[in-house]
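Trainee: Chain by chain, the residues:
Number of protein chains: 2
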Amino acid sequence: MTTFTDVTIDKKANVYFEGRVTSRKITFADGSYKTLGIMLPGTYEFSTAAREEMDITAGKLRYKLAGGDWETIDGSGVFYVPANSTFSLEVETVTDYCCTYLED
Amino acid sequence: MTTFTDVTIDKKANVYFEGRVTSRKITFADGSYKTLGIMLPGTYEFSTAAREEMDITAGKLRYKLAGGDWETIDGSGVFYVPANSTFSLEVETVTDYCCTYLED
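The listed protein sequences correspond, in order, to chains A and B.
Residue numbers 1 to 104, in this note's numbering, belong to the letters of the first sequence in order.
Residue numbers 1 to 104, in this note's numbering, belong to the letters of the second sequence in order.
Keep in mind that the hints were calculated from the coordinates and are not lab data.
Check each hint, because a few of them may be wrong.
Remember, identical chains collapse to one label, so a pair may be satisfied in a single copy or spanning two.
As the list claims (entries may be wrong) - Distance condition first, Cα-Cα at most 20 Å in a straight line; then the derived EDC-like pairs of lysine to aspartate or glutamate:
#1 Lys12 - Asp104
#2 Lys60 - Asp74
#3 Lys11 - Asp104
#4 Lys25 - Asp69
#5 Lys25 - Glu92
#6 Lys12 - Glu53
#7 Lys64 - Glu45
#8 Lys25 - Asp74
#9 Lys12 - Asp69
#10 Lys60 - Glu92
#11 Lys25 - Glu71
#12 Lys60 - Asp30
#13 Lys11 - Asp55
#14 Lys11 - Glu53
#15 Lys12 - Glu103
#16 Lys25 - Asp6
#17 Lys64 - Glu18
All values reported here derive from a predicted model rather than from experimental measurement.
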C-alpha cells in the first residue's frame, strides 16, 4: 500500500460538481502539495493554474487536453496537463486519483 | 482551517456503495488513525468494530444507532457509535466527515 508520510491534511474536503468530484489536500514538509480525490462517473471539465500530473490510482476514464485527442486510461495511468489550460474528462467508473501541482 | 499534521495517508481511497461513500485513512505517529470521508445523499447502514466518533464537518443527515431514535445533524455535529454495533444514516446533503476509532 502506497502511503505519503509526514504530511499535513486539511480536515475539510474540496467538493465539486455536487459531490461527484471530491478531494483532500495534503501538504508536504517542503511546502509542495497534492490532492487525493475521487471522481464518480460523469463528464467534467477542469482548468489548471500550475502544470498538473494526474495520477489515476484506479478507474476507467477518457481525458482530452486542450487541442488534443481523447485518450483512455483503464485501471491506472498518468497524464500531464499544461499550466493555465483546461482538460475534459469522461469518467466511466469510480476513479481514485492523485494530482500533483508542478511548479515549473 | 483545521488540519492534521505529521500524518501518514494511504494513497488509495476506501470506496463503498459504488463511490457514494468514500474515505481516506490517516495514521498518526502514535499509531491511532482516523478516516476523512465524503457521503453523497442516500441511505446507508454501517457496522463498527471499535467505538467510533463520527464528526460531521459539514452536511445534513439523520442517524440512528442500534435501538435508538433518529437524530438529526444539520451543518456540523458529533455522535458516537458503540463498538461492535451498527448504525443507519439518511444523508440529505453531501456530507464531509471525520471518523475516529476509539480503542477503549
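Trainee: Would you mind marking each hint as holding or not holding in the structure?
Mentor: Structure-based check of all given hints:
For a Cα distance limit of 20 Å, the shortest separation of Lys12 from Asp104 qualifies neither inside one copy, at 28 Å, nor across copies, at 27 Å. With identical chains, the CA atoms of Lys60 and Asp74 are at most 20 Å apart within one copy only, with a shortest distance of 4 Å there and 35 Å across copies. In this assembly of identical chains, the alpha carbons of Lys11 and Asp104 never lie at most 20 Å apart, being 28 Å within a copy and 24 Å across copies at closest. Taking the shortest Cα distances, Lys25 and Asp69 never come within 20 Å of each other, neither inside one copy (29 Å) nor across copies (36 Å).
Taking the shortest Cα distances, Lys25 and Glu92 never come within 20 Å of each other, neither inside one copy (24 Å) nor across copies (25 Å). In this homomeric assembly, Lys12 and Glu53 come within 20 Å of each other (Cα to Cα) only across copies, at 17 Å, whereas the closest approach inside a single copy is 23 Å. For a Cα distance limit of 20 Å, the shortest separation of Lys64 from Glu45 inside one copy, 9 Å, qualifies, whereas the shortest one across copies, 38 Å, does not. In this assembly of identical chains, the alpha carbons of Lys25 and Asp74 never lie at most 20 Å apart, being 25 Å within a copy and 25 Å across copies at closest.
In this homomeric assembly, Lys12 and Asp69 never come within 20 Å of each other (Cα to Cα): the closest approach is 35 Å inside a single copy and 28 Å across copies. Proximity of Lys60 and Glu92 under a CA criterion of 20 Å is satisfied intra-copy only: 5 Å inside one chain copy versus 28 Å between copies. In this assembly of identical chains, the alpha carbons of Lys25 and Glu71 never lie at most 20 Å apart, being 26 Å within a copy and 31 Å across copies at closest. For the identical chains of this complex, Lys60 and Asp30 are neighbours neither inside a copy (32 Å) nor across copies (37 Å), given an alpha-carbon limit of 20 Å.
In this homomeric assembly, Lys11 and Asp55 come within 20 Å of each other (Cα to Cα) only across copies, at 11 Å, whereas the closest approach inside a single copy is 22 Å. Only between protomers do Lys11 and Glu53 lie at most 20 Å apart by alpha-carbon distance; the minimum there is 15 Å, versus 23 Å within a single protomer. Proximity of Lys12 to Glu103 under the C-alpha cut-off of 20 Å is found in neither arrangement, the shortest distances being 24 Å within a copy and 24 Å between copies. For the homomeric pair Lys25 and Asp6, the shortest alpha-carbon distances inside one copy (13 Å) and between copies (14 Å) are both at most 20 Å.
In this homomeric assembly, Lys64 and Glu18 never come within 20 Å of each other (Cα to Cα): the closest approach is 22 Å inside a single copy and 25 Å across copies.
Figure legend: structure checked against the earlier numbered hints; hints not met, in rising order: 1, 3, 4, 5, 8, 9, 11, 12, 15 and 17.
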